[in-house]
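In the order they appear, the protein sequences are chains A and B.
Sequential numbering of the first sequence, starting at 192, is according to this note's numbering.
Sequential numbering of the second sequence, starting at 192, is according to this note's numbering.
Worth flagging that the hints you see were computed from the coordinates, not collected in a lab.
Incorrect hints may have been included.
Just so you know, same-sequence chains aren't split out, so a pair can sit in one copy or run between any two.
Claimed, not checked - Okay, derived cross-link-like pairs now, DSSO-like style, lysine-lysine, Cα gap no bigger than 30 Å in a straight line:
id	residue 1	residue 2
1	Lys334	Lys571
2	Lys562	Lys352
3	Lys401	Lys429
4	Lys429	Lys334
5	Lys401	Lys352
6	Lys526	Lys270
7	Lys571	Lys265
2 protein chains.
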Amino acid sequence: MIRPLLPRCARALRATSTAAARRPSHALPALPALPALPALPILSASASHAARRMYSIQPEAASTAKPVDVDPSKLVIHKTTNPKSLVDPSTLIFGRNFTEWTQTEGWRTPTIQPYQNLSLDPATCVFHYGFECFEGMKAYKDKAGNVRLFRPDKNMERFNKSAARIALPTFSPSALIDLITRFATLEERFIPDQRGYSLYLRPTMIGTQKTLGVGPPGSALLFVIASPVGPYYPTGFKAIALEATDYAVRAWPGGVGDKKLGANYAPCVLPQLEAASRGFQQNLWLFGPEQYVTEKELITHPLDGTILEGVTRDSILSLARERLAPEGWRISERKITMAALAEASAEGRLMEIFGAGTAAIVSPVRTISWKGKPVDCGLKEHEESGEIALRMKGWIEAIQYGDEEHDWSHVC
Amino acid sequence: MIRPLLPRCARALRATSTAAARRPSHALPALPALPALPALPILSASASHAARRMYSIQPEAASTAKPVDVDPSKLVIHKTTNPKSLVDPSTLIFGRNFTEWTQTEGWRTPTIQPYQNLSLDPATCVFHYGFECFEGMKAYKDKAGNVRLFRPDKNMERFNKSAARIALPTFSPSALIDLITRFATLEERFIPDQRGYSLYLRPTMIGTQKTLGVGPPGSALLFVIASPVGPYYPTGFKAIALEATDYAVRAWPGGVGDKKLGANYAPCVLPQLEAASRGFQQNLWLFGPEQYVTEKELITHPLDGTILEGVTRDSILSLARERLAPEGWRISERKITMAALAEASAEGRLMEIFGAGTAAIVSPVRTISWKGKPVDCGLKEHEESGEIALRMKGWIEAIQYGDEEHDWSHVC
Chain A
192 MIRPLLPRCA RALRATSTAA ARRPSHALPA LPALPALPAL PILSASASHA ARRMYSIQPE
252 AASTAKPVDV DPSKLVIHKT TNPKSLVDPS TLIFGRNFTE WTQTEGWRTP TIQPYQNLSL
312 DPATCVFHYG FECFEGMKAY KDKAGNVRLF RPDKNMERFN KSAARIALPT FSPSALIDLI
372 TRFATLEERF IPDQRGYSLY LRPTMIGTQK TLGVGPPGSA LLFVIASPVG PYYPTGFKAI
432 ALEATDYAVR AWPGGVGDKK LGANYAPCVL PQLEAASRGF QQNLWLFGPE QYVTEKELIT
492 HPLDGTILEG VTRDSILSLA RERLAPEGWR ISERKITMAA LAEASAEGRL MEIFGAGTAA
552 IVSPVRTISW KGKPVDCGLK EHEESGEIAL RMKGWIEAIQ YGDEEHDWSH VC
Chain B
192 MIRPLLPRCA RALRATSTAA ARRPSHALPA LPALPALPAL PILSASASHA ARRMYSIQPE
252 AASTAKPVDV DPSKLVIHKT TNPKSLVDPS TLIFGRNFTE WTQTEGWRTP TIQPYQNLSL
312 DPATCVFHYG FECFEGMKAY KDKAGNVRLF RPDKNMERFN KSAARIALPT FSPSALIDLI
372 TRFATLEERF IPDQRGYSLY LRPTMIGTQK TLGVGPPGSA LLFVIASPVG PYYPTGFKAI
432 ALEATDYAVR AWPGGVGDKK LGANYAPCVL PQLEAASRGF QQNLWLFGPE QYVTEKELIT
492 HPLDGTILEG VTRDSILSLA RERLAPEGWR ISERKITMAA LAEASAEGRL MEIFGAGTAA
552 IVSPVRTISW KGKPVDCGLK EHEESGEIAL RMKGWIEAIQ YGDEEHDWSH VC
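Okay, chain A solo, but in the shape it has when bound:
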């Protein structure tokens, strides 16, 4: 219920090899209805007081002809006449309290307007055939009061890839960054300036053609909704327990597991509930007879089409190559099997495992249940995080909040 984007995982093996991986966001679910998960830092929702707006773009025809691209110069802003009061940042929760934009007249006239329902014909293709994709990103406020986005170009690039894969229209990345920048700036009073707080942004595109035939949607809606969010771990890290999942398969070669499509999420909820019923907060998705670990490595499973092209994953790998490699670390993108991981654990070579993602940046893992037996992930009993996860979080936050000037941070 609470976490729009979820940690991707990484791990480090002692000796000379390091490992860092990401896990798809849907596999770190909110599990709102599962009281049996005390170790999972679920933040409960409270009443929303933020001004609600959304941003949208509705092309007349998608995929059949190249639509007119997004033109930020034509932006229309309809401000709410009933603005919401600010929320005490200490009460912020992750994922609710929307602040949004919307627009209804094609790529040509983007608008920012008060949050409101979408009114759609029940035959609209988004309800029947899964024509939907999204992104997750955040706006941060630095000490000088500037609003900053973190690597928005990466999100826009992936958003376009996801849209194109399901025959939805693409758009100019710079134009949408421009619009999101104006949206975030307009709503800057909802971005708390404390470390750990931010404005979560959810760009979403849906097919809106009214038809029960299966084909490329002739129309689409692009909207951005937003929500002020607090720290993923308000009281510090809390390492989680995973269950290695081989009875269900999330993604496969030639499939769409590397795209941020709605289609990849709903099918993961049932395995998530099964893992939860046995006391595990998350699934670790295995794949194939080799049971390759496709997630949770700093080596990280390569981008072979079965995992998402995570922005945080990419950032961690880049920082590791820049800052850990000189210390003697080896940064690898290679497959690793669950058996090899268990062996490393048994031999005491497994230092730490952590997830990575926009929501938590990093999420340490204490144990993985594999074939019914726990695989210890290297944390000491009193520890909730390993050293690499902690350092990564510090490095990335310093960039996100502008304490360190870096070209990944886009000043609005």
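Assemble chain B onto chain A, guided by the hints.
Positioned in the frame of chain A, the structure of chain B alone reads:
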């Protein structure tokens, strides 16, 4: 744009083995925007004149507690005050012209009311995570004027399986059949009594919880929309050309390819457009290094989790066992590779291939493009259908329209 449900394919090998298979509906797309497909019987949409209603059920909480089941005795009917005029059956098109029901107050109070838009918060989980599943079925009118459904119990069984797989609530199959019966009876004037015409019904369930967290939806909406439809092949069969697809993979063991989820459809549109760009009307989905044919066999690929549990597929297999087996046919559900199929074709053992599904019942195939080369599917130049496809269509229509009394036909 036009075909809610699409043919599944079947084929027959000469000698002693027969083959019958189904193909998932999304792989027989409407391709509305592709003028280069003269062989595809695309029926264009016209203005709708049918009364529009929809039926829906909205539980307060799904998956967390067993919801009160559908209670047809509480049905509320809100008739439109502005009924549509009837359409000349000869002008009917497949897939538009909705006649629907809707309801907004939980499983407890199903309603039939005029067709109208759904108003949903942009953070509703159906827009982000693919919480959606559906069914396709038809109501027929027999010579005595009775309204008939074809094997609705099979559709309800599959609908519940699909819903449960993505953590949506299930319902009493008999209660929903009861409600659909009342809906179809109420709208019986929109069901033409000619052979080939019917009322297409689209039961749909979507997750409606407002949350960006990924978890089991706490609320859902079940609605049924309908549309009068004409014959899939108004001027008789027109055999189609397929392209064997191995660069994209539709389904995987352990995945959800056997469920009727929105998630399975959008990812198939791009490969469909690619095949269309080379002049093929449909994709034949291959799977794995063996390139097993997972579709279009009367043997039919077995129900191993990668293909949909097709109602027409099941009906064809049953009729084949009952009526073809005594004639010396062998009815098999087994895997067959594309190579074996090409070999049978080269050796003149391939008699015919046809798809099967609710929309067309059967859909004959003339050729399959495999590795860039055509595999002839056994039809003579002047033929648009093989003998088995023709006989199957006749047998099934006789049951659907009540010419032959059969327990598959549910009299409303």
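Tested hints:
When the C-alpha separation of Lys334 and Lys571 is checked against a cutoff of 30 Å, the pair qualifies neither within a copy, at 35 Å, nor between copies, at 77 Å. In this assembly of identical chains, the alpha carbons of Lys562 and Lys352 lie at most 30 Å apart only when taken from different copies (27 Å versus 36 Å within one copy). Taking identical chains as interchangeable, the C-alpha atoms of Lys401 and Lys429 lie at most 30 Å apart only when they sit on different chains, with a minimum of 27 Å there against 46 Å within one chain. In this assembly of identical chains, Lys429 and Lys334 lie within 30 Å of each other by CA distance solely inside one copy; the values are 28 Å within and 69 Å between copies.
When the C-alpha separation of Lys401 and Lys352 is checked against a cutoff of 30 Å, the pair qualifies both within a copy, at 24 Å, and between copies, at 26 Å. Within a single copy, Lys526 and Lys270 get their C-alpha atoms no closer than 50 Å, and across copies no closer than 60 Å, so neither meets the 30 Å cut-off. Taking the closest pair of Cα atoms, Lys571 and Lys265 never come within 30 Å of each other, the shortest separation being 56 Å inside a single copy and 59 Å across copies.
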